[in-house]
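Peer 1: The chain contents come next:
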Amino acid sequence: MDISKRLGLVLLLILGIIILMGSLALANDKIPAVNQSCLSCHQREGFSIKNNGKEISLTVNPSVLTESVHKNNPCTTCHMGINGFPHQNVVYGSKLSTKVNKNCQMCHSNVATKYRKGSHWQATKEGETNVNCSNCHGEHDIQKLELTKHEEVELCTNCHQGEVLESYEESFHGKAVKLGSEEAASCIDCHGAHQVLGPDAKNSMVSKENVPETCAQCHNEPRANFAKGSEHVAMKAEGDGAPMYYTLKFFTWLTILTVSFLVIHIVIELVGKFRRIDQDVH
Amino acid sequence: MKLETKEQVNFSPEKGLLIERFSLNQRLQHILIFVTFIICAATGLPIKYASATWAPKVVSFFGGFSTMFYIHVISGVVMTLTFLYHFIYLAGYAYLKGPSLDFLPKWKDILDFIQNIKYNLGLSDTPPDYDRYSYKEKFDYWAVFWGIPIMAGSGFMMWYLDITAKYIPRWIIDCAQVAHSDEAMLAISAIFIWHFYNVHLSPDFFPMNLVWFDGKMSKTVMEHEHPGELREIMDELTYKEELDDDIEDPTSFKFTKSRFLIVIEILFYLAVLAWFLKKFLPIGFM
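Protein chains in written order, with the working numbering: chain A, 114 to 395; chain B, 1109 to 1394.
Note that these hints are calculated values from the structure, not bench results.
From a predicted model like this one, the values you see are computed outputs, not experimental measurements.
Cβ atoms here follow ideal geometry from the backbone N, Cα and C, with glycine treated the same way.
Hints should not be assumed to be uniformly reliable.
The list that follows gives simulated cross-link-like pairs (lysine-lysine, BS3-like), each with its CA atoms no further than 27 angstroms apart [stated by the list, open to error]:
(1) Lys1362/B / Lys1246/B
(2) Lys1387/B / Lys1216/B
(3) Lys315/A / Lys230/A
(4) Lys349/A / Lys1156/B
(5) Lys184/A / Lys143/A
(6) Lys163/A / Lys143/A
(7) Lys1274/B / Lys315/A
(8) Lys163/A / Lys212/A
(9) Lys362/A / Lys1324/B
(10) Lys1156/B / Lys341/A
(11) Lys257/A / Lys238/A
(12) Lys167/A / Lys227/A
(13) Lys118/A / Lys143/A
(14) Lys1156/B / Lys1362/B
(15) Lys167/A / Lys230/A
(16) Lys341/A / Lys1165/B
(17) Lys227/A / Lys163/A
(18) Lys362/A / Lys315/A
(19) Lys215/A / Lys238/A
(20) Lys321/A / Lys1246/B
(21) Lys257/A / Lys227/A
(22) Lys1362/B / Lys362/A
(23) Lys362/A / Lys1216/B
(24) Lys349/A / Lys1214/B
(25) Lys163/A / Lys118/A
(26) Lys1226/B / Lys1214/B
(27) Lys1165/B / Lys1365/B
(28) Lys349/A / Lys1386/B
What follows is a list of derived Cβ distance ranges for each label pair [stated by the list, open to error]:
(29) Gln392/A / Pro1358/B: 56 to 62 angstroms
(30) Lys1165/B / Pro356/A: 32 to 38 angstroms
(31) Leu1389/B / Thr242/A: 26 to 32 angstroms
(32) Val277/A / Val1371/B: 49 to 55 angstroms
(33) Leu1385/B / Lys163/A: 55 to 61 angstroms
Heads up, incomplete: computed chain A residues facing chain B, CB under 8 angstroms, no partners named [what the hints assert, rightly or not]:
(34) Thr179
(35) Lys184
(36) Pro187
(37) Cys188
(38) Pro199
(39) Leu310
(40) Gly311
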């Protein structure tokens, strides 16, 4: 190895150390100086305001901020347009999260395109519901989502309950995930995460046309038969759940009748044995 | 039963005449079936009752869901192979020794059943005269022919979902899942309530009838359990005189006259029935 190559290696090593130390310095728990002024008011405990008769807390816990992935962002990345005191154009609650929602999309443009096509945003835009980025990802405590399948299901079922949840819990996917499987499908494996669409939308993962492809993510090949039946069905005598309902009925009554018959048979034998205790026969 | 060899009749100075009712081959089939049955039940029930508080404990006992699931399917495969082997066994038996038809249901089974109920209700003084297999044993034997095709069929449909979906629409596979889950309950109930009574808890055999292990049943027990078969065997034996067949088996029927055990068991089985109906009738009337 000649001297220039060796020198090059040494320089590369030094450069590496500098980059490493630099990133370590960035990764410390210090709050960026620019946020200190915001926090000088907002870290006070019990800092709140009354809005439409509702008490709204304005406190931000600095230790929550330093643990989030956005700890190096200035507060105004998300709370854009807040400068000067008193703050102008302040909104609260769902209005705030919708407003911040737009700011998230300035950086996270790749998922934002998907999110804007999905029904969560469509319904939020029309004021029917309020599912913004923060509803799933959190606010000041925002983390890279590394959830277990079970936590994924818990996240969605904060809102999506009733028949859809009950039928999932009865399915093998639901049972496996509940018991800790990381292979079985959670909600987002079939419905997607950002571009969630109902079964009627043409490019939905769960439309009749796309179900075979969606199942094939795990189940090898997109069989047309995967779409011949429904996922979230109630065990009822009418509708898509009827075949399962009658299967359940058949086996349940077979079990009730068989076991009742067998137990009665056993008890009759035991009573007979009791009666013959004093006789010389069994 | 036709005796093939002299070895099937043994003599022990303690228990008297011993008849080998089950060959080693048959006993191994039974052991394979019951071991895999217990494993399948233990690894399947937590999936059926996934929301129960005990389910995660069983899952962690088996080392996580994936491990438990693989234990379940491997055990199911072994059970299915044992079942398939039984057909080879039957064919081989028929080829080597001529077909045995003792296990087929016959009209006398119904008469034996009626006689047994009458005898135990005090309506008759004669106990049923069972042959090689009583109707109770035939019930257990044929129940396997109902249970395993359903359990293995639905199990393989779910396990090889991709291949199944090539031919079968999804709603039928969903029905198979329901059938797998609920036929399992029927099988588990029948085994742990009925079969366990007949071989473990029955005061005649309490705590256990060991015939599953050594295949042998003493003449004393045979007289009570399989009198018809015993008569046949005794008629065939040409060397009867050499055997001192008056020795009674002192290990048999130890608890048959135990008032305490019988009363406890009557209460136990009535409680089992009440619990069972409380659990299943709401599903039945759902």
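Peer 1: Taking the hints in turn, state whether each one holds.
Peer 2: Hints, one by one, checked against the model:
1. Lys1362/B / Lys1246/B: This hinted pair holds, its Cα atoms lying about 26 angstroms apart.
2. Lys1387/B / Lys1216/B: Distance of about 36 angstroms is beyond 27 angstroms: violated.
3. Lys315/A / Lys230/A: holds (12 angstroms)
4. Lys349/A / Lys1156/B: holds (19 angstroms)
5. Lys184/A / Lys143/A: Holds, because 9 angstroms separates the two Cα atoms, which is no more than 27 angstroms.
6. Lys163/A / Lys143/A: Status violated; Cα separation ~31 angstroms.
7. Lys1274/B / Lys315/A: Between Lys1274/B and Lys315/A the Cα gap is close to 24 angstroms, so the pair holds against 27 angstroms.
8. Lys163/A / Lys212/A: Holds: Lys163/A and Lys212/A sit about 20 angstroms apart, inside 27 angstroms.
9. Lys362/A / Lys1324/B: violated (42 angstroms)
10. Lys1156/B / Lys341/A: With Cα atoms ~24 angstroms apart, Lys1156/B and Lys341/A stay inside 27 angstroms; holds.
11. Lys257/A / Lys238/A: Status holds; Cα separation ~25 angstroms.
12. Lys167/A / Lys227/A: Roughly 35 angstroms separates the two Cα atoms, so the pair is violated.
13. Lys118/A / Lys143/A: violated (39 angstroms)
14. Lys1156/B / Lys1362/B: Cα-Cα ~39 angstroms, so violated.
15. Lys167/A / Lys230/A: violated (34 angstroms)
16. Lys341/A / Lys1165/B: Violated. Lys341/A to Lys1165/B sits at ~36 angstroms, over the 27 angstroms cutoff.
17. Lys227/A / Lys163/A: At roughly 36 angstroms apart (the allowed maximum being 27 angstroms), Lys163/A and Lys227/A break the hint.
18. Lys362/A / Lys315/A: violated (36 angstroms)
19. Lys215/A / Lys238/A: holds (11 angstroms)
20. Lys321/A / Lys1246/B: It is violated: about 48 angstroms lies between the C-alpha atoms, which goes past 27 angstroms.
21. Lys257/A / Lys227/A: holds (18 angstroms)
22. Lys1362/B / Lys362/A: This hinted pair is violated, its Cα atoms lying about 43 angstroms apart.
23. Lys362/A / Lys1216/B: violated (33 angstroms)
24. Lys349/A / Lys1214/B: violated (41 angstroms)
25. Lys163/A / Lys118/A: Violated - the C-alpha atoms of Lys118/A and Lys163/A are around 68 angstroms apart, more than 27 angstroms.
26. Lys1226/B / Lys1214/B: holds (19 angstroms)
27. Lys1165/B / Lys1365/B: The hint is violated at about 41 angstroms.
28. Lys349/A / Lys1386/B: This hinted pair holds, its Cα atoms lying about 21 angstroms apart.
29. Gln392/A / Pro1358/B: 56 to 62 angstroms: violated (20 angstroms)
30. Lys1165/B / Pro356/A: 32 to 38 angstroms: holds (34 angstroms)
31. Leu1389/B / Thr242/A: 26 to 32 angstroms: Since the Cβ atoms of Leu1389/B and Thr242/A sit about 41 angstroms apart, the hinted range of 26 to 32 angstroms is violated.
32. Val277/A / Val1371/B: 49 to 55 angstroms: With Cβ atoms ~51 angstroms apart, the hint holds.
33. Leu1385/B / Lys163/A: 55 to 61 angstroms: holds (59 angstroms)
34. Thr179: violated (34 angstroms)
35. Lys184: violated (34 angstroms)
36. Pro187: At about 44 angstroms, which exceeds the 8 angstroms cut-off, the nearest Cβ of chain B leaves the hint on Pro187/A violated.
37. Cys188: violated (42 angstroms)
38. Pro199: violated (52 angstroms)
39. Leu310: Violated - the Cβ of Leu310/A stays beyond 8 angstroms from chain B, reaching only about 21 angstroms at its closest.
40. Gly311: violated (19 angstroms)
Of the numbered hints given earlier, the model fails hints 2, 6, 9, 12, 13, 14, 15, 16, 17, 18, 20, 22, 23, 24, 25, 27, 29, 31, 34, 35, 36, 37, 38, 39, 40; all others are met.
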